[in-house]
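Asker: In the working numbering, the protein residues as written are 1 to 243.
Hints are supplied without guarantee of correctness; some may be wrong.
As the list claims (entries may be wrong) - For lysine to aspartate or glutamate, the following DMTMM-like pairs were computed, each having C-alpha atoms within a straight-line distance of at most 25 Å:
| # | residue 1 | residue 2 |
| --- | --- | --- |
| 1 | Lys153 | Glu125 |
| 2 | Lys56 | Glu92 |
| 3 | Lys53 | Glu92 |
| 4 | Lys79 | Glu92 |
| 5 | Lys74 | Glu92 |
Hints are computed from structural coordinates only; laboratory data are not their basis. Note that the coordinates shown come from a computational prediction; the quantities given were computed from them, not determined experimentally.
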Amino acid sequence: MNIFSLLYNEVIYKPLLNGLIFLYNVIPGHDLGIAIIVLTIIIRIVLYPLNQKAIKSQKKMQLIQPKIKEIQQKYKDDKEKQGRAMMDLYKEHKINPASGCLPILVQLPVLWGLFSVLRAGLNEENFVRLYSFVARPEVINNMFLGILDLSQKNIILAVLAGIAQFIQSKMITPQTSSSSGGNDFASAMSKQMVYLFPIFTIFIAASLPAGLALYWLATTIFGIVQQYFVLNPRTKQLKDQKA
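Model the full structure from these sequences, guided by the hints.
Answerer: The structure is reproduced here in structure tokens:
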């Protein structure tokens, strides 16, 4: 086993497996779906500072849109100067134009880890990886609320996850007018991601066990709520005081 496999196993796979089994054991009714949702909330809380920073960066992007348009108009015939001026603007306001993608990239290892857990199966063979303080359940019931088998594919959950992803992407995408001509790379990238991520989410979630779609749906809803309180103008004064 190489260092990357060992790191993945010890930092991502085993903690997810143990966390999921632990929650399954302690949650009344032993519902795997509820355990996945609770695990999702815990993961989102751990990643909260990273997500908060990315959302604030996206909010700054929205606020400087008038300056971006000025630069695009001023240097519309000189793309090189326009690009340098744009980078200077981002640097001045301490903005990373690609920061909105970072939370998604961070979530991918977690998503893959949970996929590996569900793919390997929550069975006796896999329970040898449990920590000493995590009790081995006699059997794992894959049903969510008694109606949805999380070990099987589910197109409805996949579509819901895609819709939630679209709402989240739309909330943090800077609004630009057609006068910008789509010359700003960051704006063009953001616009594309609004539609590409939801389609990607539906395509992937529909081909994987429903437990993965449930996780993605839950983590996206959590993100939507977090973004609402950061981006809502009525909370600006409170947020600025805390910053």
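Asker: Check the hint pairing Lys53 with Glu92 against an upper bound of 25 Å on the C-alpha distance.
Answerer: holds (17 Å)
Asker: Given the hinted pair Lys74 and Glu92, is their Cα-Cα distance within 25 Å?
Answerer: Holds, at about 18 Å.
Asker: Take a quick look at whether Lys56 and Glu92 sit within 25 Å of each other, Cα to Cα.
Answerer: Measuring from Cα to Cα gives roughly 15 Å; hence the hint holds.
Asker: Take the C-alpha atoms of Lys153 and Glu125, compute the straight-line distance between them, and say whether it is at most 25 Å.
Answerer: At roughly 23 Å apart (the allowed maximum being 25 Å), Glu125 and Lys153 satisfy the hint.
Asker: Compare the distance between the alpha carbons of Lys79 and Glu92 with 25 Å, and conclude whether the hinted pair is satisfied.
Answerer: holds (20 Å)
Hint compliance for this structure: no hint is broken.
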